[in-house]
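**Q** This is what each chain is made of:
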Amino acid sequence: MKRWILAWVLAVAALLSVGLPLKVRLDAPRMGSPLVLGPNGSGWIECRASLPWVPGAWVQKALKAQWGLALNEGGLRLLETQIHGNRYRFRVASTPAEPGLHRTGFDGIWAQGAWPKTYRLVQAGDFHWPGQEDTLVAFVDEMLVVKPAAILFSGDMAYDPDPEWFAMLARQFRRLEANGIPVISCPGNHERKGWSQYLRSFGPHTFHRVDLGPLAILSLDSAHGRDQFTPSQFRWLREQLDHLDGRTPILQMHHPTFPPGAALAGKGDGSGGALESYRAAFVRLCEERGVPIVLSGHWHQDVVFDGTGRLRDDTPDFPGTKFVVTTALGDITRKVVRWNHGGYHGYRILDFEDGKLVRYTHDLPGLASPAPIASTPLGTHKARP
Amino acid sequence: MIALWLFLYLAWLVQNLSLLTVEGRSWSTFFLVLPLLVLPLAARLRARRPEFFHGWSTRVAGLVAAASALFLARLLSLDFWDTKRTGASLLVALLGLGLQWVMLARPEKTGGLGLWLWIAFWEYAGAWHPALTPLGAGLGAALVAFDVLPKQAVSRGPQRSLGVWPVFLLLGLTLPKPAWDFLLEPTWAEAFAAFAVGMGLSQTTLLRSLGDRLPSFLLVGFLALLFVFYPSAYTWAWALLLGVVAGWNWLRLSRPLPVVQVSAAFLLGLLLSFLLHANAGRPVLKHFVWPRGGSAAY
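If you read the protein sequences in the order shown, they are chains L and F.
Just add 3 to the spot in the first sequence (first one is 1) and you have the numbering used here.
Just add 67 to the spot in the second sequence (first one is 1) and you have the numbering used here.
Heads up, a few of these hints could be off.
Stretch-level coverage of chain F by chain L, calculated; a stretch enters the list once three of its residues show a Cβ under 8 Å from a Cβ in chain L [claimed, not checked]:
| # | stretch |
| --- | --- |
| 1 | 116-126 |
| 2 | 160-166 |
| 3 | 178-188 |
| 4 | 212-218 |
| 5 | 274-288 |
If you want the ones that stay clear, here's a sample from chain F, every Cβ over 10 Å from chain L, calculated [what the hints assert, rightly or not]:
| # | residue |
| --- | --- |
| 6 | Trp148 |
| 7 | Ala192 |
| 8 | Ala194 |
| 9 | Leu202 |
| 10 | Tyr297 |
| 11 | Leu307 |
| 12 | Gln328 |
Residues from chain F that keep clear of chain L, each with C-beta distances beyond 10 Å, as calculated [stated by the list, open to error]:
| # | residue |
| --- | --- |
| 13 | Leu199 |
| 14 | Gly203 |
| 15 | Leu268 |
| 16 | Leu292 |
| 17 | Ala300 |
It should be emphasised that the hints constitute simulated quantities derived from the structure, not laboratory data.
C-beta atoms are modelled at their ideal positions from N, C-alpha and C, and glycine is treated no differently.
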């Protein structure tokens, strides 16, 4: 028995030698997963400490020192603290804000006032390769004209695992946020190449929920094309859809839900990977819970499927969930399905009215209005010089 | 001692490398697999020249394992392991080499509930940060090398003996399921801790006598069954049961355990498990990997 006591004393000493001096890692909110505090609502700030079960006040102090986040300053009010091992959760609220969205004193935390009747989101993904950073800069310039309520980036933002790339992303995302546009993102397959760097920049919650006005934006992690939707992530999704509090759910993930199927064009330009695990259950869940749209990328082409997996190149308006794929923002474009009006870089504008999706396609010249499938070509909304 | 190697080192290594990805052609990767490549040679050396493994060399190996694990845990504390970093990989290699030297020198010196609680604690510590799990292996190696941990002979169960290949292959296939399921969420660490508690409980008088009554084929069959029936919402209970079943199998293995064969079978199981779960869309197989595709119980 004495021998085991000595062993456990050494174990505690080893833990202390690893965990001291106390450090914290902010896990949420992070880049791509902001916290939006509604007029009467609250939200959770989550972090991990290098030692378990230390007093919450010590962790708050470390948060302020290491991350610049003070929980009772900059319009924030601390309501509650939860401690589970070395995981600390702080429930905060913000002072009532003016109408619309406003940044608080801390990056990634927003105060939301009265929400407008009409507003828009933008979705994009599959960024450029290194050396073509101007594409992202031009896109950000264009968004300052489009002025969406938020931008959803659906993965493949990083074709380069170097820290410099992630610093570049952070700079451009901050430009958007400085102009009142929060960024909400999910990882794609290419992020896996520099996974540790991605996690350092975006935090460890690879799937998350952001409540924005009357919308609940659920970002999912469809992994690297194979091990998609594990049981625990699927269960999380179902729990979120069961607790929407009257919000309209908008889903984004990197991989398209359906494979090209009968709509495949030739060999699909070597692309066409789709959700594998849990596809049928996922589609059923979306239809049952009234999800209006599931946004994805990966194919570098605009595509829209209905709940049966049929390509809807006839009309943008059909009953049930719209399973949408959006062309690449900067990477090469492809032709995976038979839709002939693509071949451009772009992004998708989603128009909402009172929480209802009213439009998600762009009218291209030569197509009937409203056009099916098409996204908005990059450069459509020119930035002011 | 072999339990520290298998559950706090090998399983941890495979899980982390599969989660954080590893590049094929780099020095870093070479360091990471070095202990695995060296193991057969070290085992042969142990068989031919056992005197090398007595006295100071084992203590040095234990100290190297503990120090490497400590530096590794400090280096990675709260960070995400960049597997391309040579420094961290070198520490992992030193930990593995030191640990396997002690394991070969003192193969089954320590056992019983105490050891399994030690393993359970460090598995659980993986929920605080994954780099803490191998700290338990390194520290355990030093404690064994310096004869700090109490010696306990692990007696064989009933006469029937099981082969190490089916048991450890199946264990390698089944055990990491929570890790593939929860990925970055640390729930897997709690499940692994429950597994180790189950292993310990299986050696208590009551459960041991229960296990002794079961035929060997049923024990191995239970392991396979737990691969297919994995209730994600009740992971810890599943892991506890897996631990008890694995513990019953463990007691049926002939002693001394052949370290190289056990490691090879377990490693092969872990790798196969990763490949299967990483290809969950494969026809037929997917029904055995994540069964019932999102229906109510999951």
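**Q** Work down the list of hints and note, for each, if the structure agrees.
**A** Quick rundown of the hints versus the structure:
no.: 1; hint: 116-126; result: violated (count 0)
no.: 2; hint: 160-166; result: violated (count 0)
no.: 3; hint: 178-188; result: holds (count 3)
no.: 4; hint: 212-218; result: holds (count 3)
no.: 5; hint: 274-288; result: violated (count 0)
no.: 6; hint: Trp148; result: violated (6 Å)
no.: 7; hint: Ala192; result: violated (7 Å)
no.: 8; hint: Ala194; result: violated (6 Å)
no.: 9; hint: Leu202; result: violated (6 Å)
no.: 10; hint: Tyr297; result: violated (8 Å)
no.: 11; hint: Leu307; result: holds (18 Å)
no.: 12; hint: Gln328; result: holds (29 Å)
no.: 13; hint: Leu199; result: violated (7 Å)
no.: 14; hint: Gly203; result: violated (7 Å)
no.: 15; hint: Leu268; result: holds (17 Å)
no.: 16; hint: Leu292; result: holds (17 Å)
no.: 17; hint: Ala300; result: violated (6 Å)
The structure shown violates the earlier hints numbered 1, 2, 5, 6, 7, 8, 9, 10, 13, 14 and 17.
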